[in-house]
Amino acid sequence: MISGYFWIDVILKVVFVLVAMILMALVAIYAELKVMAHMQNRIGPYYAGGRWGWAQPLADAVKFIQKEDLVPAGADAVIFKSAPYIVVAATVATYVVIPFSPNLIARDLDLGVFYLLAISSLTTLGVLMAGWASANKYSLMGGLRAGAQLIAYELPLVLTVVAVVVQAGTMSLVGIVEAQAAPIEIGGLSISLPFLLKGQIVGFIIFLVASIAELSRIPFDMPIAESELTMGYLTEYSSLRFTMFFLGEYAAMISMSAVAATLFLGGYWFPFVPESALIYIGPLILIAKIAGLVFLMLWLRSTWPRLREDQLQDMAWRWLIPVSLANILVVAFFKVVVF
Amino acid sequence: MSADYEALMHRSEVAVSVELQTQDMTLNIGPQHPSTHGVLRLVASVDGERISSVEPVIGYMHRGYEKLAEVRTYAQMTALVNRIDWVSGFASEVPFIIAVEKLTGIEAPERAQWIRLILTELFRISSHVVFTSSYPLELGGVTPLFHALRERERVLELIEAMTGGRFHPNFNRVGGIKPAAGGGKTQKQVSMDIPAGWLEDTRAAMERILGATDDSDTLVTGNELIKARTTGVGVIPGDKAIEYGLSGPNLRASGVAYDLRKHEFHLPYDQVDFNVVSAEGGDCYDRYWVRLQEIRESANIVLQAIEKIPAGPLRAKAPRVLKVPKGQVYVRGENPKGEFGYYIISEGGQKPYRLKIRSTSFSNLSILPWVLKGALVPDLVAIMGSLDFVLGDVDR
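Same order as they appear, the protein sequences are chains P and A.
For the first sequence, counting from 1, position 287 maps to 287 in the working numbering; every step adds exactly one.
For the second sequence, counting from 1, position 351 maps to 690 in the working numbering; every step adds exactly one.
Bound-form chain P, shown alone:
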């Protein structure tokens, strides 16, 4: 028999994941407004909320929700309506395995990394559904571009993660963090380093590029490409469904950054912070690392234009995949022979 504590535990974890996702997505939206504004000689949101425009994302959300929930006449209504739920659900599900501290994790799966990669590629299914069901040629092209992008970039993403898994010897995300926290001997000195400094620089860069492509952010935002496809697969969406896509995009940005931070930058762990303190300040350390990566994405967005779909495919198949395969070889060689 399942005890009452089990259900309390489940409910608390669900609430924790949902709140964490929505809060961090809102903060990311606000950061995007402000960071891009300052990079572009603008002030950005200023009045909403009284100070610094902190309530602008909320105000935007309220505005979107007030709009009419339109379903185009020719659309496949069921698929059209359910697409945003799939995107959001898949994004929420990735938060389940992200460790914020040694204890603060919804579920420490043994196959954490595997689960994460599988579930995060589900978002593209939602995007394809949205593109197909909208009965709009721009949406269709956007959806197909997203599909092509997923196939091209899921591979380097998985291959770089394989290298990390080989180095850590585990697929559990907590295990991967602990593997980075474990001290190693270099010239008589006993220090612990994140995987980024333990020979995974190439892997980290490929992972970042691939995850930006997976998130469809500039310079890889061809599925949306507002100057070509008006708004890509989002063209026909309005109201709450649009808000869900929007929130899902930023939540996915956070979760991808969290994964990158966990796999390569040591997650909630930081040098010289004792194990006992990590329980309390671990979430802050992880959030700081996420913030750094998100800032990098915003920075890229405000300096670079968009690539072309064929150039993106070219880059994935001719450069990223061979290099990430070689990366696995090198990492495995060092793992087996040297350490």
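Treat the hints with care, since some could be wrong.
[What the hints assert, rightly or not] Coverage of chain P stretches by chain A, computed from C-beta distances (three or more under 8 angstroms per stretch; other residues unrestricted): (1) 34-44; (2) 209-221; (3) 224-236; (4) 299-309.
[As the list claims (entries may be wrong)] Computed cross-link-like contacts, SDA-like style, restricted to lysine to any residue with a CA-CA straight-line distance of at most 25 angstroms: (5) P:Lys-137 <-> A:Gln-362; (6) A:Lys-566 <-> P:Met-36; (7) A:Lys-656 <-> A:Glu-449; (8) A:Lys-566 <-> P:Gln-311; (9) P:Lys-67 <-> P:Ser-239; (10) P:Lys-137 <-> A:Asp-386; (11) A:Lys-712 <-> P:Thr-230.
Everything labelled a hint here was simulated from the structure, so no lab data went into it.
For glycine and all other residues, C-beta sits at the position ideal for the given N, C-alpha and C.
Given chain P's structure and the hints, the job is docking chain A onto it.
Okay, now just chain A, sitting in the frame of chain P:
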């Protein structure tokens, strides 16, 4: 079961041997679309992302200026002609007013000619800055727009200080320019001069613009992704460009160094020293690059003109009710976008009998079906943006 299986195999073989019916998808781009600069409509038939043919549909913004001219006096027309290409209003006013001056035989004083030259170049800078900043936007880069529009603001402030308008100066008069406010005592004095300190402000602004083009170099010109998107895309060879009647930077980017400011000028362009910028490639990147260099050339022209501008009246004596004798004239000038001309037929009287406007963007746009054939949909945006047209200039 085995019968079902055989039937299935048979059907699949039949399906393989039959050619699948495929057809191109018709994609209507515009008239409501973010990168058609207003209300251009392109009926494209696309095979996946590859464009097999494009048919531009224009006329959504037709305002009938040629017909309107027949019921307006010459003085009233200047308010209309600077709305044809609204990004470079003054530059399209000048050929019209010079055409009228040629018909009537009134010549503008030298100082007015120089001020026309300076303002034309300021509008050229303004127009090219709009292009160089909004072109990355078509490719997905947002930031250059904000940086460059800040610099354009300096130019617009100068234009506003001189003419009172930022976009539609309506500043030319037959026989000179409108006496600017701020120089003399009363509004009626024809001897009123340009605003005090204007030339010094202009010098400072031009130096700023020169600095801003250097900033553009670091943010846009040298950007690898911009190069990847634009080099070798939408190549227009020189002979094709001439064939389709391209002019201005679009022609010069194709290796034809032809600039009306050197060949057929009505303003004192022979007294300033400048280069005709041209590039060899004829692709989108070259069209961007030529315009960026022309900003520099124009800023240098303005700096020289400030030194050379003579003192004197701003306006020659012209009758209040202007009666234009019978005759016809064609005057063209180098607009920021290319050759811009007016063909006026006068039957005598206050109004033209017929006015034909040779607008630049109309001719520049005519190459679209040729250059877009076989391009990708993302290239469509890059090519269309690089031609730098204004829909008001296409439809008139």
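Consistency of the hints with the structure:
1. 34-44: holds (count 5)
2. 209-221: With 3 residues in contact (Cβ-Cβ under 8 angstroms with chain A), the coverage given for the stretch 209-221 of chain P holds.
3. 224-236: holds (count 6)
4. 299-309: Per the Cβ count (9), the hint holds.
5. P:Lys-137 <-> A:Gln-362: Holds, because 14 angstroms separates the two Cα atoms, which is no more than 25 angstroms.
6. A:Lys-566 <-> P:Met-36: holds (23 angstroms)
7. A:Lys-656 <-> A:Glu-449: Holds, at about 13 angstroms.
8. A:Lys-566 <-> P:Gln-311: Measuring from Cα to Cα gives roughly 12 angstroms; hence the hint holds.
9. P:Lys-67 <-> P:Ser-239: At roughly 5 angstroms apart (the allowed maximum being 25 angstroms), Ser-239 of chain P and Lys-67 of chain P satisfy the hint.
10. P:Lys-137 <-> A:Asp-386: The hint holds at about 12 angstroms.
11. A:Lys-712 <-> P:Thr-230: holds (21 angstroms)
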